[in-house]
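K.L.:
Sequence:
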Amino acid sequence: MRKFLVVLDDSRECLNAMRFAAMRAAHTGGGVAVLAVIPPEEFNHWIGVGDIMREEARERIEVHFEVFAKWMRDKQGVDPELVIREGEPVTEIMAQVHEDGEIGVLVLGAGTDKKGPGPLVTQLSRNSGSLTIPITIVPGDLSKERLEAIT
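Sequential numbering from 1 applies to the sequence shown in full-length UniProt numbering.
Think of the hints as simulated: they come from the structure by calculation, not from any bench. Treat each hint with caution, since some may be false.
[What the hints assert, rightly or not] Cβ pair distances, simulated, as ranges:
| # | residue 1 | residue 2 | range |
| --- | --- | --- | --- |
| 1 | G129 | D100 | 16 to 22 angstroms |
| 2 | P40 | A149 | 23 to 29 angstroms |
| 3 | T28 | K115 | 31 to 37 angstroms |
| 4 | K144 | D51 | 36 to 42 angstroms |
| 5 | E148 | S125 | 24 to 30 angstroms |
| 6 | V63 | D141 | 37 to 43 angstroms |
| 7 | P119 | H98 | 16 to 22 angstroms |
| 8 | R60 | T122 | 21 to 27 angstroms |
| 9 | P40 | E99 | 16 to 22 angstroms |
| 10 | R12 | A149 | 17 to 23 angstroms |
| 11 | H27 | I52 | 40 to 46 angstroms |
Beta carbons are placed, not taken as given, at the ideal position from N, Cα and C, and that holds for glycine.
Please put together the full structure from these sequences, using the hints given.
P.N.:
Rendered as C-alpha cells:
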C-alpha cells in the first residue's frame, strides 16, 4: 500500500496538506502517515522538567492528530497512522521517508504570506534530489472545493 506522508505542525497550511493527503489516499486506495516532529530545543532544561515537557508535547500532538484523524476516518474512510519523532524537522522527515518503504509521496502545505512558502517547503525542496519519492506542495489558500476537484 502506498502511503502519503504529511507533516503535522501548527501552521495554517498544514490543514490543506492534511486534506489533500486524505483525499488522494481515499481516491487511490492508499494510506496516510502523519508525522509530528518535536524540536530538540524544547527540552533543554533539567532532566525532570525536560521529561515532563516532552510528555506534554506528545499529548498535544496526539490531541491535534485526533482532530484530523477523526475527519479522515469519518469523511474519507482513511485511518491515518501517527508517527512522532524528536529532532530537527527536515532531518526527521528525511529519515522517516528513508525508513518507511511504504511512503510513496511527501505532502507539504505552502504558506501564503510574503515570507515565502515556509521553512519546510524551502528546505525540503533543496534536498529533494536525495529523496526517493516525489514531493507534492499544496498551496495554503486552496478552497475545499478546489482541493476536492483536483484530488
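K.L.:
Determine for every hint whether it applies to the structure shown.
P.N.:
Hint check:
1. G129 <-> D100: 16 to 22 angstroms: holds, 20 angstroms
2. P40 <-> A149: 23 to 29 angstroms: violated, 40 angstroms
3. T28 <-> K115: 31 to 37 angstroms: Given a distance of about 33 angstroms, which is inside 31 to 37 angstroms, the answer is holds.
4. K144 <-> D51: 36 to 42 angstroms: holds, 40 angstroms
5. E148 <-> S125: 24 to 30 angstroms: holds, 26 angstroms
6. V63 <-> D141: 37 to 43 angstroms: Given range 37 to 43 angstroms: violated, Cβ gap about 26 angstroms.
7. P119 <-> H98: 16 to 22 angstroms: holds, 21 angstroms
8. R60 <-> T122: 21 to 27 angstroms: For R60 and T122 the Cβ distance comes to about 25 angstroms; the hint holds.
9. P40 <-> E99: 16 to 22 angstroms: holds, 19 angstroms
10. R12 <-> A149: 17 to 23 angstroms: holds, 21 angstroms
11. H27 <-> I52: 40 to 46 angstroms: holds, 42 angstroms
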